[in-house]
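Engineer: Letter by letter, the chains look like this.
2 protein chains.
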Amino acid sequence: MKLHWSPRSPFVRKVMIAAHEMGLDSRFDKIRSVAMSTQPHVELMKDNPLSKIPAMVLDDGTPMFDSRVICEYLDTLHGGHTLFPASGPERFTALRRQALGDGMLDLLILWRGEREREHPSQVMIASFTARKDASLAVLEREADAIAASPFSIGHIAVGCALGYLDFRFAMHPWREDHPKIAAWHATFNARPSVKANAVVDDSQTVKQ
Amino acid sequence: MKLHWSPRSPFVRKVMIAAHEMGLDSRFDKIRSVAMSTQPHVELMKDNPLSKIPAMVLDDGTPMFDSRVICEYLDTLHGGHTLFPASGPERFTALRRQALGDGMLDLLILWRGEREREHPSQVMIASFTARKDASLAVLEREADAIAASPFSIGHIAVGCALGYLDFRFAMHPWREDHPKIAAWHATFNARPSVKANAVVDDSQTVKQ
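These protein sequence lines are chains H and D, in that order. Residue numbering for the first sequence follows the working numbering, beginning at 1358 and increasing consecutively. Residue numbering for the second sequence follows the working numbering, beginning at 1358 and increasing consecutively.
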């Protein structure tokens, strides 16, 4: 399976951690693809016209994107613990937590783009800040339930969102005011799948 | 079920069309919520900290977002034709088309925000244009397969994305160069579920 990949994309990281949990991470032919919102990537767009990573292509040529679709597909390829609960409240709790983690990543990525503009919008930055803070408050409130529930795609998405806060928003520390979810995140970071997929900023050496 | 709702949100429209197809649209208590990226919505954020619509709350207080999670949940509540195929290639084709439609909407919404800025980035607008064009080319290539496959959440997402092009990007006509997907979209627009959920721009009368 071909995977358009980058070590600094949090949505790729989500897929790689999920694949490692499933024992499938060695099945990818990884193509280094730098997807920048400012610059459409011609080769990547042959597999995903949105020019975003992760994008996967099966051996028979079937395209597969975005990270949610790829992760759910991978979950059908193995016989171990599934990351997508089959049905019921467990499934929808996991999917809602995935949507929260993905939504935090979407807003943090836009925020990063905003602060790199020549004319950043202070109104937008205030909005990003408020929504990031509200999301952290929900995670802190749910931290016990998150820690107690079987490891799922929701955990991976939330863990990657918090990891991206550390990676790109170190000027906004979050642990002190959110001790419970910080304690859970420490257990997340200790998983072999997460340690094997650390975020790497190689932007000084690898351009598009 | 409570639904944070607006007649001009394409992702809300996706949920409303899906609910109509399932015979569930009368089950919502609709709360008019104007979610603007520039201004966090305090009441909405109690149910979705990301301050985005659609956001749903079950009668027992369980929150449910985003549109993908809501639609998949609704699909478990009825005994008719399911919009999420249960498994296999049919499921992943539907989910990938949903991701394409949702991804087009994400980029069109950002594009609209960009052009309303005091200093729009021409680089971003060129990028949005290229990715919109590539997405339309994929849809044109897949139009026969889309028309031939059982109606699914993928059809709804693609139909809503094309409808949003008509609603907010009338200055970029797309039908002439994409006749096959345009023909399919005409059949989509003729469905009772779609006609019952026309986009309405009430921004002159309803603010936040």
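Keep in mind the hints are simulated off the structure, nothing from the lab. Hints should not be assumed to be uniformly reliable.
Same chains, same names: a pair is fine if it fits in one copy or spans any two.
Claimed, not checked - Derived EDC-like pairs (lysine to aspartate or glutamate); straight-line CA-CA distance at most 20 Å:
id	residue 1	residue 2
1	K1359	D1386
2	K1359	E1473
3	K1359	D1523
4	K1403	E1497
5	K1387	D1558
Engineer: Does each hint fit the structure? Answer for all of them.
Structural biologist: Going down the list of hints, with the structure as the test:
1. K1359 <-> D1386: For K1359 and D1386, the Cα distance is within 20 Å only inside one copy (5 Å; across copies 45 Å).
2. K1359 <-> E1473: Close neither inside one copy (32 Å) nor across copies (38 Å); limit 20 Å.
3. K1359 <-> D1523: Classified as neither: same-chain Cα gap 29 Å, cross-chain 35 Å, threshold 20 Å.
4. K1403 <-> E1497: Answer is between: at 14 Å across copies they meet the 20 Å cutoff, but 41 Å inside does not.
5. K1387 <-> D1558: So K1387 and D1558 pass the 20 Å test inside one copy only (17 Å; across, 44 Å).
In the structure shown, a violation is registered for the earlier hints numbered 2 and 3, in ascending order.
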